[in-house]
Amino acid sequence: MTTATPLWEFVDISKAYPGVLANDKVRIKLLPGSIHGLLGENGCGKSTMIKTLSGVQQPDSGQILHNGQPVTISDPQVARDHGIATVFQEFSIVPTLSVGENIFLGNMPRSRFGVIDWAKVHSEAARVLAEMDVDVSPDAITGTLSVGEQQLVEIAKAVAMDARMIILDEPTAALGEDEIERLHQLLRNMRSRGTSILYVSHRLDEVERIVDEVTILRGGKVVRASGETEINVSEIISAMVGEDIGEHYPKEQNATAEVVMEAHGLATASGVTDASFALHRGEVLGLGGVLGSGRTEIARALFGTDELSAGQLILNGKPVRFRREMDAIRAGLALVPENRKYDGLFFNFRASGNITAASLGGLSRLGVLNLKAEEQATHDLIRDLEISTQAEEKTVNFLSGGNQQKIVIARWLFSDSDILILDEPTQGIDIGAKIAVYKLINKLTRAGKSIILISSDHDELLAMSDRIAIVQHGAITRTVEASDLTHDDLVRASADTTETNLEEVFA
Amino acid sequence: MKRIFDTQLIGPFAAMVIVALIVALTTERFLNPGNLSNLSLQVSIVALIAIGSTMVIFTAGIDLSSGSMVALLTMILAQMLKFMGIPLMLALPMILIVGGLLGLFIGLITAYGRIPSFITTLAALIAFRGLALTFNNGSPIFSLDPALEPIFYGKLAGIPLPFFYLVFFYGLAAFVMNFTKLGREIYAVGGNPAAAVLTGINVRKVQTTTFVIAGFMTAVGAILMSARLNSGSPNYGQTLELQAIAAAVVGGASLAGGRGNILATLMGAMTIVIVQNGLNLNAAPSSVQNIVLGLIILLAVGIDMWRAEISALMGRIFGRSSSGSAQKVKKGA
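Going down the list, the sequences are from chains A and B.
The first sequence runs 386 to 892 under our numbering.
The second sequence runs 856 to 1188 under our numbering.
Hints may be right or wrong, so weigh each one.
Straight line, CA to CA, 20 Å or less: simulated EDC-like cross-link-like pairs of lysine to aspartate or glutamate [stated by the list, open to error]:
| # | chain 1 | residue 1 | chain 2 | residue 2 |
| --- | --- | --- | --- | --- |
| 1 | A | 828 | A | 869 |
| 2 | B | 1010 | B | 1000 |
| 3 | A | 819 | A | 771 |
| 4 | B | 1036 | A | 620 |
| 5 | A | 757 | A | 728 |
| 6 | B | 1036 | A | 760 |
| 7 | A | 636 | A | 765 |
| 8 | B | 1036 | A | 394 |
| 9 | A | 824 | A | 765 |
| 10 | A | 779 | A | 759 |
| 11 | B | 1036 | A | 759 |
| 12 | A | 703 | A | 723 |
| 13 | A | 410 | A | 445 |
| 14 | A | 779 | A | 801 |
| 15 | A | 819 | A | 620 |
| 16 | B | 1060 | A | 620 |
| 17 | A | 779 | B | 1159 |
| 18 | A | 726 | A | 712 |
If you are wondering where the hints come from, they were derived from the structure by calculation, not from laboratory data.
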């Protein structure tokens, strides 16, 4: 690493939106061969900064220096020409195209006659994927891949264009532990080749592991500049939030001895092979395992989305069979899906419509809704869960990820479900909102609700679960007290597998 | 009440008023009482059918079948009255039921057969027209029943009856969309079908129900069509389905589903009919009328899509930033 001229220097970048100064004289220096963390709570101006750097929008004032020379990044193409690649949080891949086509989208290798050189698309894509150590065929249709693999394809696009500077916005939000490790290895390789990397993440544990320097934003301003802050999680958090937030994982013990749900040897065509467990009243049962181990599929089996091919589900001592989601919801189950954007929220509704969506029957008499009761309940939940009061008047697409997630959970609070399956409930939301979700989990278990928690954040899973069921290849191999496990145990236990097994699963 | 008369109504209402002002200023006879009551007659059939079309659009579906279904239903009604001796008071409810059943049929194939509504209703558009031709060797049937015409031409307190049909059915539709479980479910299914399934909403049942409503409202339109001309014909209702969809779109309904206001569809239908009326009064040929109708649809959707840019432009011209642009930019932040 050199301390010579920064590759990129952003000087006093300001950007105002009506009513908000999103960036206020932000300065960032990016050195070649360095991973630079850009941190801050949602709404601190990170996204605005990223948009400016990638040419999506223009700053109101400030200067951008490339190797010391002032430049203007007037549009995304100019950014690409300068060797800046941006991997946005929202995927920009086309799900119906092949992996190779996505990697070279907009930049297809052509033969002499201007026709796309498919052999080259294939071989170059294969080379990039091999370099990244990603085991995906260039010919696979991208939409059929797992979310984690799609994320890697997204990153492969940046690698393929030989970017000198890569902006990664929450690159690991959808990745499992081993995929994160693979990505980090890839980033280290790129760093050693002199690439400058701007890394935005909410997962502070991984920031600690990989980042060389940090810049922390709060309210559009830089509160800690490059090199000023030791890379230490608790210090970063207090700089980001601007106050001492207290306990990061405020776990309460509310589990009782009473069993509310039992699963015996569940199996589905979608990949659950043998899932057995017992869930107690007031308990948080964590499902641990790598991405693709079958955790989400177990959730789908419990919720009636996927039909059981074997096994028995027992609810409050009685055998039940859910043929569809409606049956599970009537029986008191709730699912907060992994992907709240696509499967959870109604963006055409305000908070009220989203909160009552699962309880319209109870809220209506002879088909007529009790709108007064709806407004009142929404008002109370917004207050109790500290959701932005904007949610009362505006449709939920205007809200932050944390507020959106609280609204999805509020839906099941309102429907008074007894068993909640939370699939990655804190994915992509900031620390403050995460803690709010943890408090919500406490509130639920205190009220005698039971929770099945799926999370790829191992620290969170260990801290918030009472017991953890280890999932491998669609089977629950064992269930242990969370307090008996360490982070390393969990990583090893969930990854503990033989080569042949792996091949069977991914065949 | 705040919910029904929300901001989604302001645009379509303003468009209607502006169009009416332009026509009124350029055309002397437009504001004659005779012409105004004629307007409610003209708009009634398409506006009533558009209630169903709009609800289908709210679920992110499309109904192309209504025009042909009108022809088929007028032929069935004519057959009943003229050749089967069924009394009018019995034939009318039967037509409404047949319309509902045809809608149910389309809805079941669409929702449970998992065929896109564009395809099922396109098939129905073609097949119903053919089916209409199988009656009376494909010839129109005239002079059905003297009691039929007053249904369309009758007046109450000097106001044409179709005006009251519009008030009744749009009142009912606005109530359903804003105050009932069904209305909420329709918006939910259109807004995010995957989330609707996960919240326990019976998506297929909701989709089917909107087609039943569409079939029923098409039958109402068919009865008015028969009453207006005291006849049934396999040629009635050509492109009526497109006019109904145009009314919904001019009223601001999103073809992607989940967004729109049912009362705005009435405004959309009125806007279209006022323009047609103005052109009629100025003796414009039908070719010009169609070109203008096409432009109106484009303009209505265009203004909606470019709202932020237009208000930003206005702000620049008049030297102040307007709230419309502020919202758009914040959304992108």
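Results of checking the hints against the structure:
no., hint, result
1, A:828 with A:869, "violated, 24 Å"
2, B:1010 with B:1000, "holds, 18 Å"
3, A:819 with A:771, "holds, 13 Å"
4, B:1036 with A:620, "violated, 50 Å"
5, A:757 with A:728, "violated, 27 Å"
6, B:1036 with A:760, "holds, 15 Å"
7, A:636 with A:765, "violated, 24 Å"
8, B:1036 with A:394, "violated, 56 Å"
9, A:824 with A:765, "holds, 17 Å"
10, A:779 with A:759, "holds, 16 Å"
11, B:1036 with A:759, "holds, 12 Å"
12, A:703 with A:723, "violated, 28 Å"
13, A:410 with A:445, "holds, 10 Å"
14, A:779 with A:801, "violated, 25 Å"
15, A:819 with A:620, "holds, 18 Å"
16, B:1060 with A:620, "violated, 54 Å"
17, A:779 with B:1159, "holds, 19 Å"
18, A:726 with A:712, "violated, 24 Å"
Hint violations for this structure: numbers 1, 4, 5, 7, 8, 12, 14, 16 and 18, all remaining hints satisfied.
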